[in-house]
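J.: Residue strings, one per chain:
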Amino acid sequence: MAEFSQLDAGGRLRHLLSLDGLDADLIRELLDRAGTWCCRPGELPPRSRDLQGWTIANLFAEPSTRTRASFELAALRLGADAINLDVMLSSRVKGESVLDTIYTLQAMQVDVFVIRDAEPGLPEYVARHVEGHVSVISGGEAHLSHPTQGLLDALTILQAKGGFRDLVVTIVGDIRHSRVARSAASVLTTLATGELRLVAPAELMPEPDEFPTAVRCESFDAGIAHADVVMMLRIQKERIAATSQPDPDRYHERYGLSAARLRRARPDAIVMHPGPMNRGVEICSDVADGPQSVIRQQVANGVAVRMAVLAHIAAARNARTL
Amino acid sequence: MAEFSQLDAGGRLRHLLSLDGLDADLIRELLDRAGTWCCRPGELPPRSRDLQGWTIANLFAEPSTRTRASFELAALRLGADAINLDVMLSSRVKGESVLDTIYTLQAMQVDVFVIRDAEPGLPEYVARHVEGHVSVISGGEAHLSHPTQGLLDALTILQAKGGFRDLVVTIVGDIRHSRVARSAASVLTTLATGELRLVAPAELMPEPDEFPTAVRCESFDAGIAHADVVMMLRIQKERIAATSQPDPDRYHERYGLSAARLRRARPDAIVMHPGPMNRGVEICSDVADGPQSVIRQQVANGVAVRMAVLAHIAAARNARTL
Amino acid sequence: MAEFSQLDAGGRLRHLLSLDGLDADLIRELLDRAGTWCCRPGELPPRSRDLQGWTIANLFAEPSTRTRASFELAALRLGADAINLDVMLSSRVKGESVLDTIYTLQAMQVDVFVIRDAEPGLPEYVARHVEGHVSVISGGEAHLSHPTQGLLDALTILQAKGGFRDLVVTIVGDIRHSRVARSAASVLTTLATGELRLVAPAELMPEPDEFPTAVRCESFDAGIAHADVVMMLRIQKERIAATSQPDPDRYHERYGLSAARLRRARPDAIVMHPGPMNRGVEICSDVADGPQSVIRQQVANGVAVRMAVLAHIAAARNARTL
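Protein chains in written order, with my numbering: chain A, 1264 to 1585; chain B, 1264 to 1585; chain C, 1264 to 1585.
Simulated from the structure, these hints should not be mistaken for laboratory data.
One or more hints might be untrue.
Just so you know, same-sequence chains aren't split out, so a pair can sit in one copy or run between any two.
Computed cross-link-like contacts, SDA-like style, restricted to lysine to any residue with a CA-CA straight-line distance of at most 25 Å [claimed, not checked]:
hint : residue 1 : residue 2
1    : K1500     : S1360
2    : K1500     : E1470
3    : K1424     : Y1366
4    : K1424     : E1266
5    : K1424     : V1361
6    : K1500     : Y1366
7    : K1500     : L1362
8    : K1500     : E1387
9    : K1424     : Q1508
10   : K1500     : V1361
Pulled out of the complex, with its shape left as it was, chain A reads as follows (with noise of 0.2 Å):
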């Protein structure tokens, strides 16, 4: 199979399915784009004409309030036509391939798609057939990627603390089954982040040739200290019985963020969490909704982050038809 690129030969996005191979100047001219959405509480959001008269397809194959919420949000704010499909689900009520969805939705027009499945591969797959001015958005692959949620985590944490290179970044619980941990570690290794560490039962770490520049531990406390940034991740249920803390209760004792391990990192380090949140799981109430916390900011940066791939899309596909 040809190498497949999702940049385009000015090196501009044509298209977002990871953030490997994204070199820092790029990064950053999106999050400095997506600094420029961002907006107060109260403020009305900003809103532009950039995706006038485009068309965006969220194809969500798993139930995500969120992230399809934000792209439908972002796209509507960029003054786009957006629309909604269980997709994978209908096309297998009347067998038709992913393939053929796709083209069909292709030829009504539609620009983008933005697309999640557990099906890794999917996007990409979808990447390499859709025709030339059409652009493919990764809204998370299996456990692979999630590319822009990755870009908004580096501007949560830019927007906080000014840089990168002096950090210590600690992310925390089920790395080996995170999309949002491998975004995360591949935005802040090309960002030259001071040190990347991982947290996480065995059973949970990742394979050792994965998150090659992180610093790996078992114990959080140890783990903690002196961090940072502090990036909780999402634990299921089903995988703390598989770890050696195989109840909830224990597995937070080990591996839940409370005020007291919080008191380990640096006094101004800030907590981080994609959601949906296990409160007093992976994270105590007081931590999630304390002083430290950016959750919420984490969202807010969502859209942001995703207006501004949108609009840079839309300005590299501009470019190269004129």
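Here the structure of chain A is known, so what remains is to put chains B and C in place on it, guided by the hints.
T.: Here is chains B and C on its own, set in the frame of chain A:
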């Protein structure tokens, strides 16, 4: 728990959770404003840009085609972006708390939440926790409250009768479990309606301390005599079984509105029903579709009332932030 | 029951339920208009404000990603508000009659209902009952009619062949149960197509009194000879079992379109399919994706045709109310 008010310091609506405690002036202002959004069939409905740049999220946990569609159209015709989420459902799938779902959407710059849920207290619970610029509108709360339905009922009566002071209004059916009856009684009492009568089998009458201003009677023939307004409620099949008329035919005989029974009311009496109707149970088709029925006008007024509430809330927020 | 006409007094469409009875001039006008809404891939699709202020309700009882999305995009690109309702379903939940659901939405100022339902007669039943300014468009009715599919098929043939008079059009597959075949035959007959052939196993042939102008043959090899247009139909697995070729492989051998079989048609023959395709059953992938396939063009024309029908209906209403 601190006292909660749905009004802001200026006495305008910040939220709309209940009609209890709204004074007659505020209700009349809403009805007047709604009157300006009405139009005749075949005319294009009035539109405005009052909510341009606003985002409305419809969170409906119960299936409700009509009310959800009514709020969605009200939002679109005021220029807002509207997103629909089966949010309680999808939250349950991933186990996220209601409040985290709300905070997530709030962080995406949702300005108004329209909430329908079977859990009593949920709208107020949400309203207590959202940020100062965010509003909550109840789209129907358990058996307790359905404020926009109460307003549309009042508007429909006002249009037909010109006022409330000399009217006899008879509400018939499962009053015990009806949010429609409670909101109607609230607004009609505030507007000083002449006489409010409740007609129901004993098992479906509300507790003695509820509906304090209303006259109760078990006989429909007595309760409808000389009525100006006959408001029929939807009866659920399983509720009929618990009454002294335990099958639908016998229930219909005692508590169904037929043309014969309607003749006991005033000749110019109007017939109302919140929908969806059980034709042949609580109401006969010839009455539902007859010249005294204002049932479709109620639905049309529903969109107008919801536009009025949204526009009022937007104007109130703008006034607060000037 | 009184005669029903989908045309208004001026001979323009008020509803579109069937292509039967539409004269060639009206069909050509719709196809011409649709032609103006077509664009090349990569161009932003043409938009207008023809339906600004209108409300379109898509009521789809069957799962249908493609047709529902096509109507939704057509409405949005004409400036209308579009709402989607799984309305038959949610009506059943609460036991409301179809007509009450329609009256409710009509009272909310819905201007056009797009209806797909498995129940024959439902679109006409609704069209007979809506108010004079409201229109009904069938999005597919049982096995009987799929008028916008018929129009998009005609437009696709016209674009490829420039006319109909000298053409041999062969329709292949489960003609007995196909609304696509019936609407195609209707429009092709009105447009005086040279020869219409039906190819199917005996069990899937329509009743003798249907398709009066068509030539029938059980042999695909005979039916495809010198054809200009080969229109394949979707075959459902359970229908194959009832034929003389009771498994998909044997069905494919007799009634599947392969490259070898396609060579029996004219060298410039086009291949059509309404989708979704069963690749390897009624059609081979190399044909579906080959140079003679116009299958994606059909989908693109679908949006254009639906825009044309909506714009025609809006212009007709405006003309009636002047």
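J.: For every hint, state whether the structure bears it out.
T.: Now for the hints, and whether the structure bears them out:
1. K1500 / S1360: between (33 Å within a copy, 15 Å between copies)
2. K1500 / E1470: within (21 Å within a copy, 44 Å between copies)
3. K1424 / Y1366: This pair counts as between: shortest inter-copy Cα distance 23 Å, intra-copy 44 Å.
4. K1424 / E1266: neither (37 Å within a copy, 40 Å between copies)
5. K1424 / V1361: neither (42 Å within a copy, 31 Å between copies)
6. K1500 / Y1366: between (38 Å within a copy, 23 Å between copies)
7. K1500 / L1362: between (34 Å within a copy, 21 Å between copies)
8. K1500 / E1387: Classified as neither; 30 Å inside a copy, 31 Å across copies.
9. K1424 / Q1508: neither (34 Å within a copy, 70 Å between copies)
10. K1500 / V1361: Cα proximity of K1500 and V1361: across copies only (19 Å, versus 31 Å in one copy).
Hint compliance for this structure: hints 4, 5, 8, 9 are broken, all remaining hints hold.
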